[in-house]
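Novice: From first to last, the protein sequence lines stand for chains C and B. Residues in the first sequence are numbered consecutively from 1, following this note's numbering. Residues in the second sequence are numbered consecutively from 102, following this note's numbering.
Worth flagging that the hints you see were computed from the coordinates, not collected in a lab. Please read all numbers here as calculations on a predicted model, not as lab measurements. All C-beta atoms, glycine included, are put in the ideal place defined by N, C-alpha and C. Keep in mind that the hints are not guaranteed to be accurate.
[Said to hold, decoys possible] To give an idea of the chain C side of the interface with chain B (calculated C-beta under 7 Å), a few residues: (1) 6; (2) 23; (3) 26; (4) 29; (5) 31; (6) 34; (7) 66; (8) 67; (9) 70; (10) 79; (11) 87; (12) 100.
[Said to hold, decoys possible] Derived CB-CB ranges, DEER-like: (13) B/332 <-> C/28: 29 to 35 Å; (14) C/38 <-> B/178: 31 to 37 Å; (15) B/290 <-> C/78: 29 to 35 Å; (16) B/178 <-> C/98: 16 to 22 Å; (17) B/262 <-> C/35: 27 to 33 Å; (18) C/28 <-> B/232: 38 to 44 Å; (19) B/259 <-> C/32: 42 to 48 Å; (20) B/291 <-> C/5: 30 to 36 Å; (21) B/336 <-> C/94: 16 to 22 Å.
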Amino acid sequence: MTIRGDVLLAILLIALVSFVCRAGGYAILRNIRPPAFVEAMLHHLPGALFAAYVTPSLVAGGGPAWIGALVVTAMQIATRNLGLAIVAGVAAVWAAQVGLG
Amino acid sequence: MAMSSPQVVFTRYGVRRGARDSLPLWIGTVPFGLVVGVLAYAKGMSFIETGLFSATVFAGAAQLLVLDLWADPAPLVAATIAAFVVNIRMAAMGAALASWLDRLSGWRLWGTLATLVDHSFALSVKEQREGGRDAGYLLGVGVGLWTCWLVATLVGHVAGSIVRLPPGHPLFFASTAAFLSIMVGLWRGPRVDFGPWVVAGLVALAAHRAGLPEPLPLLLGTFSGAALGAWVEMRAQRA
C-alpha cells in the first residue's frame, strides 16, 4: 500500500503525455494543418508501432508464440472482441507450451 | 464532414445514455483490464500505484507497453516516450469530434477530452452520424469505460498477488496478443500496410539483436515503418 517517488513521477509523466495526446489533437490539429508528410506519418504510426513491438516478441517466443499469434488474429477477425482474443491467445500459448514442452 | 451545428448540447441525460451504451463494451474491457492488473503486480507496482496508473493514464495499449518496459527504478524517459507514441493516435480523434467539442468549455471540454478512448470515439462518431447532438454522450461512454477499467485492473492486481506468475508464464503473451488484435483493426490492406509493418518489425528486431536499449528498438522500428508508409503515400499522390 505504498507509492514510491520514482513510480509516482513516471505515472504522472505518462498521464501527462496521454492527456496531451488526447487534448492536443483537438487544441492543435483543428487550427493548424501539419505538413502532409507528418500527417501521413501520424496515420502510419500506430500500425508500425505495434509491428515493431510484436515482431521481436514473437521471434523470442518461438513456436508457442506463433501459434498464439495465429489464434489471436483468427479470434479477433471472427469476434472483433479484444478481450476474448487476448484470452484465447494466452490459452493457446499455454496449451502449446504444455504440448511442445 | 459538415456536422457543425449550433444545436449541440451537453446534458445529464446524454452522459447517462453514453454510460449505458458503454456497458456492452465492458465484456471486452474486463479481461484486458484484468491482464493489465496482473502484469502490474508482476512488475512490482503496488495496489495504489496500479489504481493511480489506470485512473490517470486510462489507455490499455499504452499501459501494457509501459509495463513491458517497466524496471526498477521506474524508466521515466522510455515509458514516457512509449506512452506518447502509442497514444498519439488519439490526437486525430479529438480533432474529428470538433463539432461537439467546440460547443463545450471548462471542465466539460477538458474532462471529456481526458476520458477519450478508441471506443468512446467510435460510438460518438456513430452517434454524430445518426444526428446526435448531445456531447454529454461522449463523456458518458468515457466515464463508463473508465470505471470499468479502474475496477478491472485493481481486481487483476489482487488476483496477481494471489496467483504470482513465474517469468515466462503464458499470461505475459497478453501484451503481444493485445497488440495483434489492435493490428487486425488497423489493417487497411496489403498495399498500404504490408511494407511499413514488415519494415517496422525487421528494424526493431535488428536493433534488438544489435543490443540497443529500450525503447530504441521500438522507436527505430516504428519511425522507419511510418516514414516508409508516408513516403509511399506521398509518391502515390504526386503520381
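Novice: Look at each hint and say if it fits the structure.
Specialist: Okay, the hints, checked on the actual structure:
With 7 Å as the threshold, the beta carbon of residue 6 of chain C comes within range of chain B, its nearest partner Cβ sitting at about 4 Å, so the hint holds. Annotation: interface hint on residue 23 of chain C holds; nearest CB of chain B at approximately 4 Å, less than 7 Å. Proximity of residue 26 of chain C to chain B holds as hinted, the smallest CB-CB distance being about 3 Å (cut-off 7 Å). Taken as an interface hint, residue 29 of chain C checks out: its beta carbon lies about 4 Å from the nearest beta carbon of chain B, inside 7 Å.
For residue 31 of chain C, the interface hint is violated, the least distance from its beta-carbon to any beta-carbon of chain B being 10 Å, above 7 Å. With a least beta-carbon distance of about 10 Å to chain B, the hint placing residue 34 of chain C at the interface is violated under the 7 Å criterion. This hint is violated: residue 66 of chain C has a C-beta 11 Å from the nearest C-beta of chain B, more than the 7 Å allowed. Look at residue 67 of chain C: its Cβ only gets to about 10 Å from chain B, farther than 7 Å, so that hint breaks.
Restraint check, residue 70 of chain C versus chain B: the minimum CB separation of about 9 Å is more than 7 Å; hint violated. At about 9 Å, the closest approach between the beta carbon of residue 79 of chain C and any beta carbon in chain B exceeds 7 Å, and the interface hint on this residue is violated. The interface hint given for residue 87 of chain C holds, since its Cβ lies 5 Å from the closest Cβ of chain B, which is under the 7 Å cut-off. Below 7 Å, beta-carbon pairs count as interface contacts, and residue 100 of chain C has none with chain B, the closest being about 12 Å; its hint is therefore violated.
A hinted range of 29 to 35 Å for the beta carbons of residue 332 of chain B and residue 28 of chain C is inconsistent with their spacing of about 24 Å. A beta carbon spacing of about 23 Å between residue 38 of chain C and residue 178 of chain B contradicts the range 31 to 37 Å that was offered as a hint. Between residue 290 of chain B and residue 78 of chain C the beta carbons are some 19 Å apart, a value that contradicts the proposed interval 29 to 35 Å. Remark: the range hint 16 to 22 Å for residue 178 of chain B to residue 98 of chain C is contradicted by a beta-carbon distance near 39 Å.
Evaluation of the 27 to 33 Å hint for residue 262 of chain B and residue 35 of chain C yields a failure: the beta carbon distance comes to about 49 Å. In this structure, residue 28 of chain C and residue 232 of chain B break the distance hint of 38 to 44 Å, their C-beta atoms being roughly 28 Å apart. In this structure the hint that residue 259 of chain B and residue 32 of chain C lie 42 to 48 Å apart at CB holds, the actual value being about 45 Å. Taking 30 to 36 Å as the suggested C-beta distance range, the pair residue 291 of chain B and residue 5 of chain C does not conform, at roughly 48 Å.
Between residue 336 of chain B and residue 94 of chain C the beta carbons are some 45 Å apart, a value that contradicts the proposed interval 16 to 22 Å.
In the structure shown, a violation is registered for the earlier hints numbered 5, 6, 7, 8, 9, 10, 12, 13, 14, 15, 16, 17, 18, 20 and 21, in ascending order.
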